[in-house]
Amino acid sequence: MDSKESQAELGWTSHPANGWEEISGVDEEYKPIRTYQVCNVMEPNQNNWLQTGWIARRDGQRIFIELKFTLRDCNSIPGVTGTCKETFNLYYAESDADLGHSIRESKHTKIDTIAADESFTQGDLGERKMKLNTELREIGHLSKRGFHLGFQDVGACVALVSVRVYYKKCLSTVQNLAVFPDTVAETAFATLVEVKGTCVEHAWVDVDNPPRMHCSAEGEWLVPVGKCLCSPGFEERDGRCRVPTPVTDIRTDKVEQKSISLSWQEPGFPTNSTEYEVKYYEKVWLWGWNQHP
Numbered sequence: 001m002d003s004k005e006s007q008a009e010l011g012w013t014s015h016p017a018n019g020w021e022e023i024s025g026v027d028e029e030y031k032p033i034r035t036y037q038v039c040n041v042m043e044p045n046q047n048n049w050l051q052t053g054w055i056a057r058r059d060g061q062r063i064f065i066e067l068k069f070t071l072r073d074c075n076s077i078p079g080v081t082g083t084c085k086e087t088f089n090l091y092y093a094e095s096d097a098d099l100g101h102s103i104r105e106s107k108h109t110k111i112d113t114i115a116a117d118e119s120f121t122q123g124d125l126g127e128r129k130m131k132l133n134t135e136l137r138e139i140g141h142l143s144k145r146g147f148h149l150g151f152q153d154v155g156a157c158v159a160l161v162s163v164r165v166y167y168k169k170c171l172s173t174v175q176n177l178a179v180f181p182d183t184v185a186e187t188a189f190a191t192l193v194e195v196k197g198t199c200v201e202h203a204w205v206d207v208d209n210p211p212r213m214h215c216s217a218e219g220e221w222l223v224p225v226g227k228c229l230c231s232p233g234f235e236e237r238d239g240r241c242r243v244p245t246p247v248t249d250i251r252t253d254k255v256e257q258k259s260i261s262l263s264w265q266e267p268g269f270p271t272n273s274t275e276y277e278v279k280y281y282e283k284v285w286l287w288g289w290n291q292h293p
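According to our numbering, the residues represented by the sequence shown are 1 to 293, in order.
Read the hints as simulated data drawn from the structure, not as lab findings.
Be a bit skeptical, because a hint or two may be false.
[Said to hold, decoys possible] Here are the simulated DSS-like pairs of lysine-lysine, each with C-alpha atoms no more than 27 Å apart in a straight line:
| hint | residue 1 | residue 2 |
| --- | --- | --- |
| 1 | K110 | K168 |
| 2 | K168 | K144 |
| 3 | K68 | K196 |
| 4 | K131 | K169 |
| 5 | K169 | K144 |
| 6 | K4 | K31 |
[To be verified] Derived DEER-like restraints, expressed as beta-carbon distance ranges:
| hint | residue 1 | residue 2 | range |
| --- | --- | --- | --- |
| 7 | T87 | R237 | 50 to 60 Å |
| 8 | D98 | P224 | 35 to 45 Å |
| 9 | K31 | G82 | 35 to 45 Å |
| 10 | A97 | F64 | 21 to 31 Å |
| 11 | S261 | P210 | 35 to 45 Å |
| 12 | T134 | R237 | 27 to 37 Å |
All values derive from a computational prediction rather than experimental measurement.
All C-beta atoms in this analysis are idealised placements derived from N, C-alpha and C, irrespective of residue type, glycine included.
Take these sequences, add in the hints, and give me the full structure.
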C-alpha cells in the first residue's frame with residue numbers, strides 16, 4: 001500500500017471530527033498527493049486518532065512501514081508552551097476483516113513514538129522549504145489476514161505526506177539452469193529460507209547436486225548450490241537449453257580413397273561441450289546399378 005499512488009480521497013477514519021484532516025498537497029517532487037494533517041496545538045490533552053483502511057497482509061511475515069511527514073517546531077509557534085508536542089504515535093490493529101470506520105483504541109498495539117529529525121519554522125513556510133522526514137518501522141509475527149495502521153496525535157502540528165506499507169521477497173530468478181520462484185523473506189534476520197529450483201525446459205537435475213538457493217530476510221538470493229544440465233541435443237545459452245545453431249555450409253577439403261576431410265563455419269554460439277553428428281552416404285557401383293547401402 002502506498003498512499004502517494006492515490007489521486008482520489010483516501011477516506012481514512014479520523015476521530016474526533018476536529019482532529020486529522022485530509023487535504024490535497026504535493027510531495028517532495030511537487031507531484032499532487034493526498035495527505036492528512038493536524039495542528040491543534042493551542043489546547044491541552046489532545047487525543048486525535050487517524051486509522052487507515054484495512055491492509056491485506058498477503059504472504060508477508062515481516063511488514064515494513066515507511067512514513068514521510070513534516071512537523072512544526074513548537075518554539076516557532078507563540079503561546080503554545082506546555083500544549084505543543086513534537087512527536088506522534090504509530091499503532092497497528094490486526095484483524096481478519098475490515099474493522100470499518102470505528103476506532104477502538106484498545107484493539108491497537110503501539111509500534112513506536114515517532115519524532116522528527118528536522119522540524120520546520122514560520123520562516124521555512126515563507127521560503128517554501130519542505131523539511132521532509134522519513135522514518136521506517138517494522139512489525140512481525142502477524143497471524144491474521146490483515147491490519148489497520150493507527151496514528152495518534154497528542155498535540156503536534158504534523159502532516160503525513162505519505163504512508164507506504166510493504167514486505168520483502170526474493171524475486172523469481174534463473175540460476176544454473178534452474179528456476180527459483182518468488183519467495184517471501186522470513187521474519188528473523190538470521191533465517192535463510194532454502195528454496196529448491198526447477199530445471200528449465202530441456203534440462204535435467206544433477207541428482208548428486210540438485211539446484212538450491214537461499215532467500216535472506218532482506219529479500220536477496222544467497223548461496224547458490226547445485227545445478228541442472230542440458231539434455232542431449234541441447235546447449236546452454238542465455239540461461240536456457242537451446243538447440244545448437246545448425247551447420248549449413250559444409251566444405252569438402254580433401255577426398256582420398258578411404259577418407260574425406262570436411263570443414264564448416266563455427267556456430268554463432270559455440271560452447272566447449274558442443275558435439276557434431278556427421279551423416280554421410282556412400283555410393284558404389286554394383287553390377288551396373290547405383291546402390292545406396
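Pair hint K131 and K169, alpha-carbon separation not exceeding 27 Å
violated, 32 Å
Status of the given 21 to 31 Å range, CB of F64 versus CB of A97
Taking Cβ atoms as reference, A97 and F64 lie about 23 Å apart, which means the hint holds.
Regarding the pair K168 and K144, is the alpha-carbon distance no greater than 27 Å?
With Cα atoms ~18 Å apart, K168 and K144 stay inside 27 Å; holds.
Does 35 to 45 Å hold as the CB distance between S261 and P210, or does it fail?
holds, 44 Å
Measure nothing beyond the straight line between the CA atoms of K68 and K196; if it is 27 Å or shorter, mark the hint as holding.
Not satisfied, since the Cα-Cα distance of roughly 38 Å exceeds 27 Å.
Is it true that the CA of K4 sits at most 27 Å from the CA of K31?
Within the cut-off at roughly 9 Å; holds.
Could you say whether the range 27 to 37 Å given as a hint is met by the Cβ separation of T134 and R237?
violated, 44 Å
Is the hinted range of 35 to 45 Å satisfied by the C-beta distance from D98 to P224?
holds, 42 Å
K110 and K168 were given as a pair; does the straight-line alpha-carbon distance stay at or below 27 Å?
This hinted pair holds, its Cα atoms lying about 22 Å apart.
Is K169 within 27 Å of K144, Cα to Cα?
Answer holds: K169 to K144 is near 19 Å, not above 27 Å.
Supplied distance hint 35 to 45 Å, evaluated on CB atoms of K31 and G82
holds, 38 Å
In this structure, is the beta-carbon distance linking T87 and R237 contained in 50 to 60 Å?
At 58 Å between Cβs, range holds.
Hints 3, 4, 12 from the earlier list are contradicted by this structure; the remaining hints agree with it.
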